[in-house]
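Asks: The chain contents come next:
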Amino acid sequence: MPRSVPPWEIKRKLVVKAEDKTNPRYGCKPEERPAKDYIRYGVINLDKPAGPTSHEVAAWVKRILNLRRIGHGGTLEEN
Amino acid sequence: MTGILPITLEESRKIVQALLFSGKEYICVMKLHGAINQNKVKAVLKEFEGTIYQRPPLRASVKRQLRTRRIYYIDFLEMEGRNVLFKVGCEGGTYIRKLCFDLGEVLGCGAHMQELRRTRAGPFVEEVDLVTLHDVAYWFMEWQKKKDDKILRKIIQPMEKALALVPKIYIRDSAVDAICHGANLTAPGVLSLETDIKKDSLVAIFTLKDEAVALAKALAATDEILNMEHGMVAQTKRVLMPRGTYPKCWKSGEI
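These protein sequence lines map, in sequence, to chains A and B. Numbering-wise, this note's numbering comes out as the position in the first sequence, counting from 1, plus 12. Numbering-wise, this note's numbering comes out as the position in the second sequence, counting from 1, plus 35.
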């Protein structure tokens, strides 16, 4: 089988259907969220160390940041 | 096993599903159980590109039924004695330990996974914003002391970053709150959208401020949506933005 294009190499373009503006009074750009919201709606690109399980690593991050709930995308085995 | 493990905090856990389904890349050391010619190894690695069948290993977190996974590429890097180093780009949910075992079967000598590092999970790569547990602990303490939000941005990214590879539909302010209440997206609310959206595929609904509103299932392809004047465009699956962030522009109790 030939090499196929992975999802991260797919190039997409933006096509416009209608024009409108957004009201600055509501919402805000993700990077300008107040710290509390920035954390609550945040993700960490973490380099998992060898040894602990993905769940243990996630639990440590939860404790460090003093959060109630945390998840992780795609389990990496321990060791 | 080391490498990229995206951690979703509090509310952003809702996008974990999108990350699980996203593509992954690994660097792997495979140990052969017998002496094999390098050219044969290269040829067999190439054979595994494409769609493969895989039964999840005994110790797996999913049901052990035969399933198919796409291997986008396997690049041979080097070989020293019985150790083979290769890079593999694959669909989420591919077991590399199992891939090594199966490679060993086809090679005839048997093989096992010796070492593994994940170098990509969806949009997350090693070169951008990758942090260690130490970084997280250190910079979070610094932030608590100095309260400078720039410090926070060193370790935490907005959840929108995790949706970088999901095709997007941008909508009007006036359409946002209805989506936050679980309504489906209709054609008049759409301002712009990305190419290559297919019917039934996962899309992300965004505001003009680049905030994620919801994850949804597209009910039509990009070209069709562009020409629609009314009707449903996407079925809301997971609301990400809290209600009331944008004003309510819809009437209830009518019809």
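Hints listed in this document are in silico derivations from the structure and should not be mistaken for laboratory results. All figures in this text were calculated on a predicted structure; none of them were measured in a lab. Incorrect hints may have been included.
In silico lysine to aspartate or glutamate, EDC-like type, Cα no more than 20 Å apart, as pairs [what the hints assert, rightly or not]: (1) K244(B) / D59(A); (2) K48(A) / E126(B); (3) K29(A) / E264(B); (4) K29(A) / D184(B); (5) K122(B) / D59(A); (6) K181(B) / D59(A); (7) K25(A) / D258(B); (8) K41(A) / D212(B); (9) K185(B) / D49(A); (10) K41(A) / E46(B); (11) K74(A) / E46(B); (12) K189(B) / E43(A); (13) K180(B) / D49(A); (14) K33(A) / D231(B); (15) K244(B) / E21(A); (16) K244(B) / E43(A).
Asks: Does each hint hold? Answer for all of them.
Replies: Hint by hint, here is what the structure shows:
Between the alpha carbons of K244(B) and D59(A) the distance comes to roughly 30 Å, so the proposed pair goes past 20 Å and is violated. Pair hint K48(A) plus E126(B) does not hold up; C-alpha atoms about 34 Å apart against a cutoff of 20 Å. Using a Cα cut-off of 20 Å, the hinted pair K29(A) and E264(B) holds, with the two alpha carbons roughly 10 Å apart. Note on K29(A) and D184(B): the hinted pairing is violated, with a Cα-Cα distance of about 36 Å set against a maximum of 20 Å.
Proximity of K122(B) to D59(A) is assessed by CA-CA distance (about 18 Å); at most 20 Å being required, the pair is judged to hold. The suggested pairing of K181(B) with D59(A) is violated, with an alpha-carbon distance near 25 Å, which exceeds 20 Å. For the proposed pair K25(A) and D258(B), the alpha carbon gap of about 12 Å is at most 20 Å, so the pair holds. About 17 Å separates the Cα atoms of K41(A) and D212(B), which keeps this hinted pair within 20 Å; it holds.
A C-alpha spacing of about 14 Å is found between K185(B) and D49(A), which places the hinted pair at or below 20 Å, so the restraint holds. As the CA atoms of K41(A) and E46(B) are separated by approximately 17 Å, the hinted pair is consistent with the 20 Å bound. Proposed proximity of K74(A) and E46(B) is supported: the alpha carbons are some 13 Å apart, at most 20 Å. Between K189(B) and E43(A) the CA atoms are separated by roughly 12 Å; this keeps the pair inside 20 Å, and the hint holds.
Only pairs whose Cα atoms come within 20 Å are accepted, and K180(B) paired with D49(A) is accepted, the gap being roughly 19 Å. Taken as a hint, the K33(A) and D231(B) pair is broken in the structure, with Cα atoms around 25 Å apart against an allowance of 20 Å. Taken as a hint, the K244(B) and E21(A) pair is broken in the structure, with Cα atoms around 25 Å apart against an allowance of 20 Å. Restraint check for K244(B) and E43(A): the C-alpha separation of about 10 Å stays at or below 20 Å, so the hint holds.
The structure is inconsistent with the numbered hints 1, 2, 4, 6, 14 and 15, although it conforms to all the rest.
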